[in-house]
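Student: Read off the chains here:
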Amino acid sequence: MTVMPGFISGLAAARRARRHSGLVPAVVIGLYLLVAVAGPLLIAYDPVQTPLENRLLPPGAATSTGGTNLLGTDALGRDVFAQVVYGARTSVLIGLTTVAVCLVAGVAIGCIAGYYRGWVDSVLTRLVDILQAFPGILLAIVIAGVFTPSLWVIILALSVTGWISFARMARSVVLSVRERYWIDAARLMGVRPRRLLGRHIMPFTVGPLVAMATLEFALVVLAEAGLSFLGIGLPASSVSWGQTVANGKEYLSSAWWISAAPGLALSVLVVSVGLLGDTLTARYGRARSR
Amino acid sequence: MLTLVIRRLLAGVIVLWGAATLVFLIVRVVPGDPATVLLGPDAEPGQIAAMRAQLGLDRPLLLQYWDYLGQALHLEFGDSYRLAASAMDAVLSRLPATIDLTLTSAVISVFAGLLLGSAAGIRAGSGQDRIVTTLTIVLQSFPTFWIGIMLILVFALGLRLLPTSGAQSLSSLVLPAVTLSFPFTAIVARVARSGIAEAMAEPYVQTALSKGLTPREVLTGHVLRNALIPVITVVGLQVGALLGGAVVVENVFAWPGLGTLIVESVGNRDYAVVQAATLTIAAIIVLLSLVADLLYAQLDPRIRAAS
Amino acid sequence: MSITTSLRAAGLLAIVLTVSACSIGSGGGAGQTAAGQAIVASGTFVIDNIDPGSAQGGSAGKELAGQQIYGRLAKPDASGKLVPDLAEAWKSSADAKSWDFTLRGGLKFSDGSPLTAEDVVASFDRLIQINGPYAANYKGVTAKASSDITVTFTAQAPDPALPSKLTTLFVLPSGVPADAATYFAKPVASGPFMVESFKPSSELKMVPNPNYWGGTPKVTSLTIRSIPDMAAKLAALKTGEVDVVWGVPDDQIPALQSGTGLKVEAVPSNGNFTMWFNSGTPSLKEAKVRKALWQAVDFQTIIKQLYPVTGQPADSPLAPTVFGYAPQTPIAHDPGAAKKALEEAGYPFDKPLRLQFGQAQFKPFLQAVVSSWAKIGVKADLLQKEQAVFIEDLLAMKWDVNFQLLGTAGYDAATNLGRLYPCAAKRTGYCNPDLDELLAQAGSATDQNERKELYAQASKIIWEDAVGMFPMTSKVSYVWNENVSGFTLDALGYPDFSKASEWGN
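Protein chains in written order, with the numbering used here: chain A, 1 to 290; chain B, 1 to 307; chain C, 1 to 505.
Hint data in this document are derived by calculation from the structure and do not stem from the laboratory. In this text, a Cβ means the ideal position worked out from N, Cα and C, and glycines have one as well. Mixed in with the good hints there might be a few duds.
A few chain C residues facing chain A, derived, Cβ under 10 Å [unchecked claim]:
| hint | residue |
| --- | --- |
| 1 | G140 |
| 2 | V141 |
| 3 | P228 |
| 4 | A231 |
| 5 | I302 |
| 6 | S372 |
| 7 | K375 |
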């Protein structure tokens, strides 16, 4: 992603007077999670149903069945508000899964590189350099663009570069912890490397990793929306904010609400996650990728 | 210094080779055959076989890879399967539009970013600083495609000041460049801020302040100069990232840039163009980061000494 | 780093910026009367390549460019009727195996050299040699120059549709090699216009050919520009940067109709929305099931809502402008009967149909179809595929329902029904010996009335057995600046600008 570098770095300051600054974004994020989990249970929406007689209704207009569409309808007569709610589920699901994949893969790779050093480390470093020779979104587009659309393809495409920052941080933590005397002691006592890594070294990475995962979540949600805006990655039957924004692009002059509403939902979520991530990063100071 | 240059150059070559291999593998692993696209659904099997032979796709993969590496060394990627041009020409014809967009947004971002960064860094920890820092997070979090659409809604469709999209005149450059500047400005502002805040804490600045110079005089006279080094580095890297990474914004504004070319070529299985475009971008990015590193080493005596 | 160095760097940036900015600054303003009668057009097809024989690039774009630059023996007029172009007359032998085309007298290429039968033969041979997508039309056909102005085509089997097929043969001077990328930067023209400059997939600029047999076109230049984004295209039309656009989506048309100075018209194309059922899929084997699925979709409403301007309910597998068209009894929307028929046939409601398509523009229509099916419990997965994958899967029959906007080349049923529906074509999974027999007869009959009758019978079988659903004949919408006149509103989106003109505003 183009926004990666500054998002994560340059945050060390302004960490004072911030004890409570994470509260508001945390509440907002909580709301989104709630909507993602419970919203679909409360609001019935079937993307397959296309009540054409209701197409392009403005927000608040009455439908043919006598109901109202809070945020209007799209070009096929489907409720935009419901698409915003169901889109939250898609975004949160993809965001969490991708971050989980990246976290596990990244930490594993980073710890291995940091612990064994030597040629393993050099090869992995080189691999990272190669992946970073492309703008991240470009690699995701090429990968997601060539396979049959599905949830897993988009998760794979976003994970291809997403693990790097985790790996980097895990590696640097391991490198520094590795030299502490009690690790040496444990090693001399014959504790096996895997146990050493898992039991004694990894716990040091938890705090910074949580902060980084938060920021990564924001990046993933943004990238997923970007891909589905381009019509890449997700199957036609899924509901996603990026797709809805793209569907509305043709109707900007006549039905602005189709693009505006889901984009706003997306922006508020990413801004909140960004602010929370900032607070967490300030608290766990270490989370910097470059 | 010389050893540093050589070492970095060597690393750059290895990275490019890896990138070339990666792209080669990706485009060949995927389903879909260029010969089928070219000949359409009515082609006979014999015709498809002949076309595959003509395109060189029937040869062993390793042989194709070898030729491809050889060609890439000469900046040659063969002919586009789709366009009546060589793949490299297709890339070069899109490069100017991409450069226009990227550099314009770079100029906007550097000005806006330095302004914001100075405002925050000059009084680190103040309310002003917190506001700017929060603002940068917000700027960076907005999805660019949505910003772009909202700008179209307001400035093109609402106020009718600027064209909605396309690349027919200079005014059509404004909206996409501004859109790209949102996250870009935030990045510059953050880097500038931390550089300035650091410099403001240095003893010589404190001395200058105690001598009665105003913070603004100190900033323009001493501090900004030092803070510019990391800013230049980050601008270089970001420009590289935008060469193909601006694809979403290009799509919103129908800007005929490199990213769009790649998306089109992936869909058409135009291997030659995908390879030429992605490697051109990779080469520029590697080069830019090399220059940024060397510049950094040149400017920062500590790094120079270490090498 | 001193401040001066960084200033210099910034200055360099600015210079690079201005230099490269010029590259986009020069494009605007064309189409103004100040520049004379310069017409700028922007249609649906991207012109990737102007070598008419080459396999590279989209065929529609080559066709659009080709008919401005090159002459053909015969060409379809705006309604699809075959009219003379370079040839003034043609006739076949009694068995339709041999065709003689007589060229107009005194034909010249744009460079002044004479255009003879030898050039036509050379262009034909080049097409065969390249073995591109068009070559398949001419299996077993050979060409020879019987005199300076007579070309004789000989086929191994009777080929009554040959003149229609030859509308894809664009005439080049003899001696153009098969692989001639540089030649096509500025090819010698045999049609109304000559190439002035060509940027693949972006812009083709042409000037009149003074040696064109039909008289030098009146406009001073003709530019065909690709503007992929619809909003940008319509904006350019409103500002006068572009004079003619076509392929405008229905939802955009009302706003344009109310605007001043613009004209809007939609003309019927020769293409039908064609949604084949894969009769090889076990659940779709029975005609009764396929017909019930057709009945279940409320096409009338869908067309009225989504294609109020460019849609017209179809009543045959062929569009009305095509030779061999015969109207059939419309299939009425009746979800109740459909559901009942499916239940009786033991249709597996839990198994989703794989509905594949290629272009994004058809997605809303297909979503509405899926919605209609969902109402009676029929599930369908809508699968949008990249062109490469779409074609491969189409041929490999990896689908249950396949959507295409299917045109009919040469406006003759032979290239549609005759090509796609015999058992041997293996396109739909449907195989019916009676239909095969009819199509074979129609393919070789020489009497046009007899052919027409045979295709009518074939259409009836295809329609009644619901080999596919044929919901809609599509029209092409044109919007143009009222100052421009004289171009043809072509049914396929290939307007002819040879008689176009523009008067001052």
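Student: Each hint: holds or not?
Tutor: A quick look at each hint next to the structure:
1. G140: Violated. Min distance 39 Å.
2. V141: V141 of chain C check fails; min Cβ-Cβ to chain A is 39 Å, beyond 10 Å.
3. P228: 13 Å, violated
4. A231: 7 Å, holds
5. I302: 7 Å, holds
6. S372: 8 Å, holds
7. K375: OK, holds: K375 of chain C within 10 Å of chain A, min 8 Å.
Figure legend: structure checked against the earlier numbered hints; hints not met, in rising order: 1, 2 and 3.
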